[in-house]
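**Student:** What follows is each chain in one-letter form.
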Amino acid sequence: MLLAFDWTELAQQIVVGLASGGVWATLALALVLIYRSTGVVNFAQGEMAMFSTFIAWSLVHHGLSYWAAFLLTIGISFIGGVLVERAVIRPVEDAPVLTVVIVTLGLFFVVNGAARWIWSPETRSLPNAFSTRPIDVAGVAFSIQDLGTIAVSLGAVGLLWLFFRFTKLGLASRAAAVDPEASRLLGVRVSWMLALGWGLAAAMGAVSGMLTAPALASFDQNLMQPVLLYAFAGAVLGGIDSPLGAVVGSLILGVLVNLIGTYVDWIGTELRLPVALAVILGVLLIRPAGLFGREAVRRV
Amino acid sequence: MPEPLLQLEQVDARYGPVKALHGVSLTVGEGEVVAVLGANGAGKTTTLRAVSGTVKRSGEIVFAGNRISGRPPEAVARLGIAHVPEGRGTLTDLSVRENLRLGAYVRRDRAGIREDEQRVLSYFPWLEHRAGQRAGTLSGGEQQMLALARALMLRPKLVLLDEPSLGLAPMVVTEIFRIVGELNEREGLAVLVVEQNAVLALEASSRAYVLEVGRVAVEGSSADLRRNESVRRSYLGY
Amino acid sequence: MGRRALGVGLWLLIAAAALLVYLFAPTFVSDFHSRDLAHAGVFFIAIVGLNLLTGYTGQISLGHGALMAIGGYTTAALVVHEHWRDVWTIPLAGLAAGVVGFLIGLPALRLSGLYLALATFAFAVAMPSLLRKFSGLTGGGQGLRLLESAPQQVTGISGTVTIFGHSMTQNHFLYYLTWAIGLVGFLIMWLIVRGGLGRVFRAVRDSEVAAASAGVNLARYKTLAFAISGVYAGVAGSLLAIQDEIVNPLTFTFLLSILILVGAVVGGLGSLPGMVLGALFVQYLPDLSTRVSSKPGVPDFVYGAAIILVMILLPSGAGGLLRRLAEPLTTRLYTRP
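Protein chains in written order, with our numbering: chain A, 1 to 300; chain B, 1001 to 1238; chain C, 2001 to 2337.
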C-alpha cells in the first residue's frame, strides 16, 4: 500500500503548495505588520500590491528586465506606502478603530479605481520570473518557477526579519508597536514608525504581486483579490498578531489547499476559495488566536 | 544662585476639558533630588507628564536653558530628560537587552553608549544574566530596576521617577531608593521623584513639594517637612 | 420643569417636520427619484439595524449584506415558489434573518473586535457562493425573478397602487412603504436605545468585563443585538427584493456589507439621527461618482476618495457633528445652571 502511493507526486504537490503559500505569506505578513503597528486590518493591502504589480509591468514594458523592475518597484512601493500612511492614515490616527477600517475600505476603491484609470482594464502579462524548465532534485522533477517563488518569498520575509531583529530602527519600530506611549518617552518618533510600517508592508505586498502575476497567463486589476483572501486565511490560521504565524500559516494553508484540491475529487479548482473561507471560520470558531497568536483570554 | 536645572512657572495641565494642574511652580537644581508628594489625584503624575510633554500643558517650563513647554516627548528625551512612567513602561515583549538598548535610542555616540552599558551593569549586575529574557517575565521590582537602568542609558541630566514604590514589596522599594541615592551621589544625577510613600520620599530627597488638587500647597526642605507635625498630618497622612 | 417641556417640545417639532418631509417628498421629486429614495430607505433600515449591533453594542459586523440576502431571498422564494403576495413576506423575511443573526451571534460570543470582523467578513464573502450552491431554492446563478415568475404577486404591477382610496404610481408606493417601515423601525430602535435595554447594550460596548461583573448576561444581550439587527437587515433585504423585483447572488455581495457599514459609520455610530444622512450618502455617492466621469476606474476613485475625506473630516460621522452642533442647545436644556 505504501509503495503504491505516489510519493513523487506528493512531493511535487507540496512544493506547488509551498509556492502558492509563499506568495500568500508575503501579503499576510504585510497585513500583520499593519495590524501590529496601526491596530487595523488594511483591506486595501491587496489593491496596493496590485498597483505595484502594474508599476512593475510598466517598467518592464519600457524595457527594464524583470528583476530590475522587481527591485525598483519594491523601492517605489515602499515610498508609496509611507505616503499613503502620511496622507490618509495619519489624519485619523486618534479616531475610533472603525473609522480607520472605513478609511482602508475607501482606499480599496481609490487604489483599484486609480489602477483601472491609469492602466485601462484590459489584460496584460508579466514575463516569467524564472525559467519554466523543470529541475531534478533527488530524482523528482520540480519546476524552477515554484522553487524560485519559495526562495524569493522566504528571502523577502527573511530580510524583513533581519531588519526588525538587528537594526536600531527595527527595534524602535517594534517598541512603538508594543507600547507607543513608553516608546515616545524614549525618544522614538512613533508616528514615523507607523509610516515605516506601512512602507514595509507595501514593499512586501509588491513582492507578493510580482510573484503572482508571472504565474498567470494574463492578469488585470482584480489580480490580488483572491490572494488577499488567502492571505487573510493564512494570517488567521497562523495568528493575526504574529508575523511568524502569518508566514507559517500561509505556507501550511498553501500546502493544505493544494493537497485537498489535488486529492479530494469534488473540490476542484473553483472551490479552493471556499476552502480558505472555511479555514478562516473554522479557526475563529475553534481557536481564534490561531497557531502562534497570543491567546486573548477573557474569562469573566 | 545658579540657574536651576528645571524650572516650572505657573504651569497648567489638562486632560481634555478637565484641568489637572493650576499654576504649579517648582524647581529642581543640578544634582538635586526633589520629591513631589500628595494624595491620589493631587496631580503628581500630571506634573511629570507636563515636563516630558505627554499631557497638554501651558505655562513656562525651562530645562537647562531650553524652553520645553511646547515640545513633544521625543524632543524632551533628546534634551536629556528620562521619564520613568508610572507602571515602569517596560517594553514587555522585548528582551532585557533590547529595553536597555532603546534607552540609548536618541544617542549616537557608540563608545559612550557602550561605556554606559558597563556602568549600568555595575549598578544592576543581575541584568547581565537576564539579558536575553523577555522583559515581561521579570518581577515588579526587577522591572522597576530595569526601567531605571534604561533611563540611565540615556545619560540623562534629569530623571523623572513616577511612583517607584507602586506595587512593590518594602524591601525592594528600599533597595530602589538606595540606588537612586547612590546615583545622585556618585553621578550627580538630578531626580524629580513622585511618591505616595511620603516617608521614603522625604528621606531620599533634599526638597519637596506637596500638591493638593493640582496646586502646590506646601514646599520646603525635606528635613523641615519631616519635622513639621501639622504638615505631616494634614497633607502626608502620618 | 419648564426646560423639560421645552426639550420635549423641540423633539415633537423635529418629529413633526420629519413626518411632513416623509409625506410630501414625492411631490417634489420625479417618479424616478422616488425609486432612488425608496432604495435609500432600504439602506436606512439596514443601517439602523447595524447601528444597534456595532454602534450601541460594540460588535463589529462586516456581514450585514449577507443577512440582507437571507431576507431578500426569503421574500423572493416565497413569492416565486409559494406565490405569496410580495408585501406580506416582509415580516417572515425579517424573522428568518433575525434567526440567522441569532445563530451568528452564538459563535460570535467568543470573538471580539478584529476576530469578529474577520468571521463576519468570511460569512459575507461566502454568501454569494452559498446562494449559488443551493440552486433549487435560490435559482442558482440566475437568481429569482419575481416579475417573470409570479407577476400577480408583485404589488403595483399594473403601474398604479391604490391604498385607502388614494392612487399612486408603483414607485411612489415603494417609497411610502419603505420609509413607513423605516420610520417605524427608527421609532422602535429609538425606544430600545433610550430604555433599559439600550443601557445594557451600551454597557456591553463600553466594557464587557465591567458589564459582566455587574451581572449582565453577555451571551443573552450579544445574541439579542445580533438577532434584532438581523431582523432589520432581513426587512431591508426583503424590501430590496420587492423594489428590484429580482434577486441573484450578485445583489448581495461583500460590497453591500461594506456599503451598510460605511453608511453606519458615516452616519455616526451610536447616533440615530445621523443614520438618515448615512443612508443618503451611500445611496447617492455612487451615482454622483459616475457623474464626475464615466471613464473606467474614475467613479470608484471618486467614491473611495469621498469616503476617506468624510472620515478624515468627520471621524465620528454625521452623528458626531450633529452632537457637537447641538451641544450648546442640549447643554442649555438638560443641565442645571
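You may find that some hints are simply not true.
To be verified - In silico EDC-like links for lysine to aspartate or glutamate, alpha-carbon gap of 16 Å or less: (1) A:K168 to B:E1086; (2) B:K1157 to B:E1187; (3) A:K168 to B:E1098; (4) B:K1056 to A:E181.
To be verified - Now the stretches of chain A that chain C is said to cover, found in silico as 3 or more residues with beta-carbon under 8 Å: (5) 61 to 69; (6) 102 to 111; (7) 133 to 141; (8) 149 to 157; (9) 192 to 204.
Stated by the list, open to error - Partner residues are not named here, just some residues of chain A that face chain C (Cβ under 8 Å, in silico): (10) T38; (11) L72; (12) G75; (13) L98; (14) A115; (15) P214; (16) P226; (17) G261; (18) P274; (19) V275; (20) L285.
What the hints contain is simulated information worked out from the structure, not anything from laboratory work.
Beta carbons are placed, not taken as given, at the ideal position from N, Cα and C, and that holds for glycine.
**Student:** Please go over all the hints and tell whether each is borne out by the structure.
**Tutor:** Each hint, compared with the structure:
no.	hint	verdict
1	A:K168 to B:E1086	violated, 26 Å
2	B:K1157 to B:E1187	holds, 10 Å
3	A:K168 to B:E1098	holds, 10 Å
4	B:K1056 to A:E181	holds, 14 Å
5	61 to 69	violated (count 0)
6	102 to 111	holds (count 9)
7	133 to 141	violated (count 0)
8	149 to 157	violated (count 0)
9	192 to 204	violated (count 0)
10	T38	violated, 12 Å
11	L72	violated, 24 Å
12	G75	violated, 24 Å
13	L98	holds, 6 Å
14	A115	holds, 7 Å
15	P214	violated, 24 Å
16	P226	violated, 10 Å
17	G261	violated, 16 Å
18	P274	holds, 6 Å
19	V275	violated, 11 Å
20	L285	holds, 5 Å
Taken one by one, the earlier hints fail for this structure at numbers 1, 5, 7, 8, 9, 10, 11, 12, 15, 16, 17, 19, listed in ascending order.
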